[in-house]
Amino acid sequence: MLRHVDNVIRRGRWPRALCAVLLTLALSVGGCGSDDDERSSADGGELIVSAAQSLSPAFEAYGSELTAADAQFSFAGSDELAAQIRGGARPDVFAAANTELPDDLFREGLVEKPVLFTSNRLVLAVPGDGDKVRSLEDLTKQGIALAIGAEDVPIGTYTRKVLGGLSASMQKRILANVETEEPNVGGIAAKLTLHAADAGFLYITDVEATNGRLEAIELPDGLQPRVAYGAAIVKGARNREAARSFIDGLLDGAGAEELRDAGFEPPPT
Amino acid sequence: MIRASWFPGALFGALALALTFLALPVVAIFVEATPGELIGSLDDPGVLDALWLSLRTTLTALAIIVVVGTPAAYLLATRRFRGRELVVTLVELPLVLPPAVAGIGLLATLGPGGLAGGALEVAGIRIVYETVAVVIALTFVAAPFFLRSAQAALESVDRTWLEASRTLGCSEARTFLRVAIPAAAPGMLAGLALAWGRALGEFGATLIFAGSFRGRTQTAPLAIYERLGTDFTASLALSAVLVGASAALLLSVKLVGGLRAADAAR
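For the record, the sequence lines run as chains D and X. The numbering used here puts the last residue of the first sequence at 269; the count rises by one with no breaks. The numbering used here puts the last residue of the second sequence at 1266; the count rises by one with no breaks.
To be clear, the hints were calculated from the coordinates, so they are not data collected in a lab. The structure displayed is predicted, hence computed values, not measured ones. Glycine residues also receive a C-beta, built at the ideal position from the N, C-alpha and C atoms. Please note: incorrect hints may appear among the correct ones.
What the hints assert, rightly or not - A few chain X positions that, by computed beta-carbon distances, are all more than 10 Å from chain D:
no., residue
1, Leu1019
2, Phe1030
3, Cys1170
4, Leu1255
To be verified - Ranges between beta-carbon positions, derived for each pair:
no., chain 1, residue 1, chain 2, residue 2, range
5, X, Gly1215, D, Ala254, 45 to 53 Å
6, D, Leu175, X, Glu1037, 29 to 37 Å
7, D, Glu151, X, Ala1023, 28 to 36 Å
8, X, Leu1251, D, Met170, 50 to 58 Å
So that you can see chain D by itself, here it is in the shape it has in the complex (with noise of 0.2 Å):
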């Protein structure tokens, strides 16, 4: 197929109009980064937000209500968001999905103060027509496939310390049928939807937005970590003033109010 491709090429048919469609294509891409972006025609310009994937609804929801600025979201596993701004990115605002992160690079010199601005719920979700996990009890059972976050991104962490807190065999042969260390938390839904794994740990936040696909079994209270959510504004950010009105609507305006929609709950206090 290929070879026709570069026959064609190669016979001159097609230089001149290939020729016009890439150059076209380089401009309009070229133009994406500038800040005279038609789109970017609100008051306040391009803001650029990092966000920690479990995210996603909520802000996105945040974004198209937004009229002060035109938001462009980044959704990924926090770790590696960190790692991308310790590498010299710089969007406008960081959003994890803990407290260590944004710590972290506060003491890196990196952002500026974090804000606690939003807690989320660990839950063990399942496949919705799945019935082959109904319990935390039934993960010990051979031949489940489980699928956790890999020990360096929030949720992976979070599922150790749930782990943690369970009777040391109980945790042995749950972590014996552990099939995936995935790098986020949409690695591991995907997996349960294409029913590849019985059952996972995530976020309450992730099941809600899969309207049914998915389905969550509560945690009991004591196995119940602290997931609590920091933002800042990255130092050198090109937009200051457009960031921190977006993180003050996370604490108290429309982005408080999607995240509650999305499941989200208050931050701790």
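Given chain D's structure and the hints, the job is docking chain X onto it.
Chain X alone, transformed into the frame defined by chain D:
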């Protein structure tokens, strides 16, 4: 005079631009950390596990690709049949497929809820999350690189040699093994090296289809991704090893190509 000299200048400028753009990120990997740091992180058992797994799985995938791919490519190279173009297109499709799509496709075929999932479960075979899933994902994405090159190489073997071999009483199988393959070997080796390079770098299909588990399914590219956040130096060290391996592969392709050219000149 001035009119005549701008064009070569523009050519050199374009090449310099391309070279800087393509080479600088690779060089940066080695500049970011000292050689001592890089070698130090390779001591990490997790890093070594990932490299060892990558080596084992890519070599297994290559073996499968060669054993099944060579006769298949020979058929495509020597026979004309209805629907051949369609077959060739289907075989080449994974070349242009996004790796994530390949991963989802494999899961939808061999996963627990997939097309063959029921049959596999009855037979007691589990593929997803096992090392074999990595091999399957690598084979899927890398095979077309070999198939394409092998088919082209076998097509360019002089047909009169094959006919002579058969006239002299060699069976078709013997002709394939003793005449066609040796004659096409350089082209096939080049395809094999490209397939290896693609397999070494595979990320998306492996993560989706096989998951990421240290020592079992976490290949070097997955380990790089997992460490990005916490152990950047280890990520760099693994990247450096992959750059070295890929460069060596590419160089060997050039060498094979050089030998072939020398053979032809003789």
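Results for each hint:
1. Leu1019: 19 Å, holds
2. Phe1030: Label holds. Min Cβ-Cβ 16 Å, cutoff 10 Å.
3. Cys1170: At roughly 31 Å from the nearest Cβ of chain D, Cys1170/X sits farther out than 10 Å, so the non-interface label holds.
4. Leu1255: 25 Å, holds
5. Gly1215/X - Ala254/D: 45 to 53 Å: Since Gly1215/X and Ala254/D have Cβ atoms about 47 Å apart, the given range 45 to 53 Å holds.
6. Leu175/D - Glu1037/X: 29 to 37 Å: 32 Å, holds
7. Glu151/D - Ala1023/X: 28 to 36 Å: 35 Å, holds
8. Leu1251/X - Met170/D: 50 to 58 Å: 53 Å, holds
Consistency with the previously given hints is maintained throughout, with no hint failing.
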